[in-house]
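Participant: Letter by letter, the chains look like this.
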Amino acid sequence: MDHVVIDRVTKTFGAFKALDRVTLRIRKGSIHAILGENGAGKTTLMNVLYGLYQPDEGTIRIDGRPVAIHSPKDAIALGIGMIHQHFMLVSSLTVAENVVLGLGGQGPSLDLRAHARRIAELSRDFGFEVDPTAPVWRLPMGMRQRVEILKALYRDAAILILDEPTSVLAPGEIERFLVGLRRLRDGGYTILFITHKLEEVMAVADRVTVMRNGAVTAEDETAATDRRRLARLMVGREVVFELEERHGEPGAVVLEAEGLVAENDRGLRALDDLSLNLRTGEILGIAGVDGNGQSELAEVIAGLRPLQAGRIRIHGRDISNLDVRQRRTVAGIGFVPEDRQGTGLVLDYGAPENLILHAFDRKPVARLGILNFGLINRRAAELVRKYDVRLRDLRQPVRLLSGGNQQKLILAREIEAAPAILVVLQPCKGLDVGAIEFVQNTLLGQRARGMATLYVSTELEHVLAVADRIAVMYRGRITGILDRGDATPERLGLLMAGSDANAA
Amino acid sequence: MMAILVRVLVLFRTVWAVGLALLVGSVLIAAVGADPLAAYGALFGGAFLDYWGFASTLVKTSPILLAALAVVVPLRAGLFNIGGEGQIYLGALFATAAALYLPELPGPVHIAVCALAGMAGGALWALFPGYLKAYHGINEVIVTLLMNYVAINLVSYMVSGPMMEEGAPYPYSPEIGPHLFLPLLLPQSDAHIGALIGLVFALGLYAAFRYTSFGFALDTVGRSPGAARYAGIAVRRQMLLAMALGGALAGLAGTFEILGLKYRLFHLFSAGYGFDGIVVAFMAAASPILVPLAALFLGGLKAGAQIMQRAVGVESTVVDAIQGLVVIFVAAGLALRIQDSRLGAALRRRRQAEAALAKPEA
Numbered sequence: 001m002d003h004v005v006i007d008r009v010t011k012t013f014g015a016f017k018a019l020d021r022v023t024l025r026i027r028k029g030s031i032h033a034i035l036g037e038n039g040a041g042k043t044t045l046m047n048v049l050y051g052l053y054q055p056d057e058g059t060i061r062i063d064g065r066p067v068a069i070h071s072p073k074d075a076i077a078l079g080i081g082m083i084h085q086h087f088m089l090v091s092s093l094t095v096a097e098n099v100v101l102g103l104g105g106q107g108p109s110l111d112l113r114a115h116a117r118r119i120a121e122l123s124r125d126f127g128f129e130v131d132p133t134a135p136v137w138r139l140p141m142g143m144r145q146r147v148e149i150l151k152a153l154y155r156d157a158a159i160l161i162l163d164e165p166t167s168v169l170a171p172g173e174i175e176r177f178l179v180g181l182r183r184l185r186d187g188g189y190t191i192l193f194i195t196h197k198l199e200e201v202m203a204v205a206d207r208v209t210v211m212r213n214g215a216v217t218a219e220d221e222t223a224a225t226d227r228r229r230l231a232r233l234m235v236g237r238e239v240v241f242e243l244e245e246r247h248g249e250p251g252a253v254v255l256e257a258e259g260l261v262a263e264n265d266r267g268l269r270a271l272d273d274l275s276l277n278l279r280t281g282e283i284l285g286i287a288g289v290d291g292n293g294q295s296e297l298a299e300v301i302a303g304l305r306p307l308q309a310g311r312i313r314i315h316g317r318d319i320s321n322l323d324v325r326q327r328r329t330v331a332g333i334g335f336v337p338e339d340r341q342g343t344g345l346v347l348d349y350g351a352p353e354n355l356i357l358h359a360f361d362r363k364p365v366a367r368l369g370i371l372n373f374g375l376i377n378r379r380a381a382e383l384v385r386k387y388d389v390r391l392r393d394l395r396q397p398v399r400l401l402s403g404g405n406q407q408k409l410i411l412a413r414e415i416e417a418a419p420a421i422l423v424v425l426q427p428c429k430g431l432d433v434g435a436i437e438f439v440q441n442t443l444l445g446q447r448a449r450g451m452a453t454l455y456v457s458t459e460l461e462h463v464l465a466v467a468d469r470i471a472v473m474y475r476g477r478i479t480g481i482l483d484r485g486d487a488t489p490e491r492l493g494l495l496m497a498g499s500d501a502n503a504a
Numbered sequence: 001m002m003a004i005l006v007r008v009l010v011l012f013r014t015v016w017a018v019g020l021a022l023l024v025g026s027v028l029i030a031a032v033g034a035d036p037l038a039a040y041g042a043l044f045g046g047a048f049l050d051y052w053g054f055a056s057t058l059v060k061t062s063p064i065l066l067a068a069l070a071v072v073v074p075l076r077a078g079l080f081n082i083g084g085e086g087q088i089y090l091g092a093l094f095a096t097a098a099a100l101y102l103p104e105l106p107g108p109v110h111i112a113v114c115a116l117a118g119m120a121g122g123a124l125w126a127l128f129p130g131y132l133k134a135y136h137g138i139n140e141v142i143v144t145l146l147m148n149y150v151a152i153n154l155v156s157y158m159v160s161g162p163m164m165e166e167g168a169p170y171p172y173s174p175e176i177g178p179h180l181f182l183p184l185l186l187p188q189s190d191a192h193i194g195a196l197i198g199l200v201f202a203l204g205l206y207a208a209f210r211y212t213s214f215g216f217a218l219d220t221v222g223r224s225p226g227a228a229r230y231a232g233i234a235v236r237r238q239m240l241l242a243m244a245l246g247g248a249l250a251g252l253a254g255t256f257e258i259l260g261l262k263y264r265l266f267h268l269f270s271a272g273y274g275f276d277g278i279v280v281a282f283m284a285a286a287s288p289i290l291v292p293l294a295a296l297f298l299g300g301l302k303a304g305a306q307i308m309q310r311a312v313g314v315e316s317t318v319v320d321a322i323q324g325l326v327v328i329f330v331a332a333g334l335a336l337r338i339q340d341s342r343l344g345a346a347l348r349r350r351r352q353a354e355a356a357l358a359k360p361e362a
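One line per chain: the protein sequences are A and B, in this order. Everything in the first sequence is counted per my numbering, starting at 1 for the first residue and increasing by one. Everything in the second sequence is counted per my numbering, starting at 1 for the first residue and increasing by one.
With the rest of the complex left out, here is chain A (with noise of 0.2 Å):
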């Protein structure tokens, strides 16, 4: 039977649809995937039905009963729980002060000790493991998930949403986090599991529901569908997964790494004495769990972290002692940082000033300190153009810009520096997959003009895709580096859990 029936919802905003009479049937006790790329209208969708929006048009049904939802206030007392993308935590707090933060119907002296009893054996339930006592700070990001859904089991949700829920986790939580959210639906809860990943959508959910601009496209039984329908319905055009193999021809070596050692943020030894080389027209893959000293070993390269001990050459001439630019323009390190927000762009200029950021005070972009407008946004229009950014407008702020825009400008930034060497840093994180067929294919098309490129990644598809060879980070170390050919999943596993070369 139907547990939530979402009937013609019409949302705009201003002139543009947002969700145009979407119709959605959620089973009860199942999980309902809503799939589509970024801007596809699926977390407006949801703030619909948690009452965050008011529908233009159209009902929403639970149980058979229409209900309005004015506010979240609305939606929680209709049983909807909702876990954010981005946790809504106090992380000085401790689990149990964090579940029951805003709990309605307390009285004057809160029983925090009744409540962690009660907590954890909500926990115990549903194997989650979280301990009550222990502060948010000191959880990683799987466990402070489970407190998020916690939150909600625990104001009595019978539908929880989860908006992309696995796009903040590593790959070893993702598969536990799948296993939890089977365990809930065995429960009899009702899930709806935003993502924009084919692989979870197959691997968990009983239904799904595809969205492109607005509207559905498709509602399928997994069971009887196929990634390949679903990524054709979801992006609107036949997607291939085999990128094209141009294949590279590794030449001289342009970058050695030797010795090298580094702090991470909080001053523990990240890389420890690691070495490795990158030759010209070769993709060299960095895999590993998250927080094994992947960052800090593309940071080092870049010169944004000291490095404590080691040297790196590139065509030989050691390169250690040179900082940020000289790295960029003496030794030609082009570098596509993770956090594309906060270190690749500055989300309050438009694409012309962001295209210029490491060129702002040089010729041909500045002469005697005044900024050549006329070139920069010629240049830019040109960029835009070239590397095929969905924009409105040159001047628009590209915090406006989706995530995959946003990559495209970076990378034609980066690109057209003519580096010797690109160094890449999860560059699909958070990206659609007509964004990541651009951002790989990009990267492959580079490597046939002779590029060579480092390319560090915590998900091993997106590795495997591209790189010729795989080098494994554990600990600090590289714990194996593998051809392609021989880069099983299975072997990729082991060293990535630690194992040496040898044993994998």
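None of these hints come from the bench; they were simulated from the model. Every value quoted in this text rests on a predicted model; they were computed, and no experiment measured them. Beta carbons are placed, not taken as given, at the ideal position from N, Cα and C, and that holds for glycine. Possibly wrong hints are sitting among the right ones.
As the list claims (entries may be wrong) - Only some residues are given here: those of chain B computed to face chain A with a beta carbon under 10 Å:
#1 213
#2 217
#3 219
#4 223
#5 226
#6 231
#7 232
To be verified - Derived DEER-like restraints, expressed as beta-carbon distance ranges:
#8 A:155 x B:31: 49 to 55 Å
#9 A:330 x B:184: 31 to 37 Å
#10 B:137 x A:291: 55 to 61 Å
Using the hints, position chain B against chain A.
Facilitator: For chain B alone, kept in the frame of chain A given last:
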């Protein structure tokens, strides 16, 4: 186009706030038994339409305008400079010292030397909190604020001790030489060229933020310290530079008070112009091009207050109340959409700056 529209809306928001403040102010005026229209007529007529009154407006505009720019420049780099008042005092102290104790030079050269000394004094006073912020993460709001009192008391000590004129009944320094008196804008009045020079600086800064790589670097640091670091901009150095530049402008404000108006250093000579500068900077939404307009308005309000008092017998303190109301309504206007406003962006910048400074230096 969009940017211009937003700018106009922001400007109008300030105009609305000012209008509302005047409206509430008229209630106050009516409460003391005067006709609000007549009072405002006297106030603004006196401040802007009367030769002597306008001269008085310009006199007050000069320090307010420069002090506002001293807030705007660091604000663009993500720092709050609340120390304009102290920097004005230090600027005046240095300029007076250069005027009194250097061997006499030809007039214009000596004026320039005094101005440079004053700017150096203000810059020095701002560099210290800038350094603590950039290299040790110490909150610049508190340090700049508290250093105001140090500066005010330092000047009081100097003019009642080492620099005091012999036999003076009151703490002040000897008078500077007449060759150092600033040229006048309006003959026979007090209106010196300070306001004009402030205007030139405002236009220069507007151009610098819009068209030069210097301004681009500063704005980038303010908008995204993380991206600035990645772009190879020395974030800490830019923060120091922004503070020093702000301090120098406030120091210049102090210098002009001495060379243009008082001709000697008094203790407690500045009537809180440094704080007026903060008000103006926010009225102008951190845009250098709007600063002169807002400064002129506030200068006029202050100058007109006395005229109003004489003309219709309303206490000039009513104007202080109106100024307070302007601040409240401007702040309320900003709070309406704080996330989209420049103040919201500035607050965001501050948080990002803290985060960037927490990272180790490469």
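Participant: Is the shortest C-beta separation between residue 219 of chain B and chain A less than 10 Å?
Facilitator: holds, 8 Å
Participant: That 55 to 61 Å hint for residue 137 of chain B and residue 291 of chain A (C-beta), does it hold up?
Facilitator: violated, 25 Å
Participant: Under the criterion of a CB-CB separation shorter than 10 Å, is residue 223 of chain B in contact with chain A as hinted?
Facilitator: holds, 5 Å
Participant: A range of 49 to 55 Å was offered for this pair. Does it hold for the Cβ distance of residue 155 of chain A and residue 31 of chain B?
Facilitator: The hinted range 49 to 55 Å holds for residue 155 of chain A and residue 31 of chain B, with Cβ atoms some 53 Å apart.
Participant: If you take the shortest Cβ to Cβ gap from residue 213 of chain B to chain A, is it below 10 Å?
Facilitator: Nearest chain A Cβ about 4 Å off; hint holds.
Participant: Hint check: is the beta carbon of residue 217 of chain B less than 10 Å from a beta carbon of chain A?
Facilitator: holds, 7 Å
Participant: For the range 31 to 37 Å, tell me whether the beta carbons of residue 330 of chain A and residue 184 of chain B fit it or not.
Facilitator: violated, 55 Å
Participant: Per the CB criterion, is residue 232 of chain B less than 10 Å away from chain A?
Facilitator: Holds, about 3 Å.
Participant: Holds or violated: the hint that residue 231 of chain B contacts chain A, with Cβ atoms closer than 10 Å.
Facilitator: Result: holds, 5 Å to nearest chain A Cβ.
Participant: Going by Cβ atoms only, is residue 226 of chain B closer than 10 Å to chain A?
Facilitator: holds, 4 Å
Hints 9 and 10, counting from the list given before, are not met by this structure.
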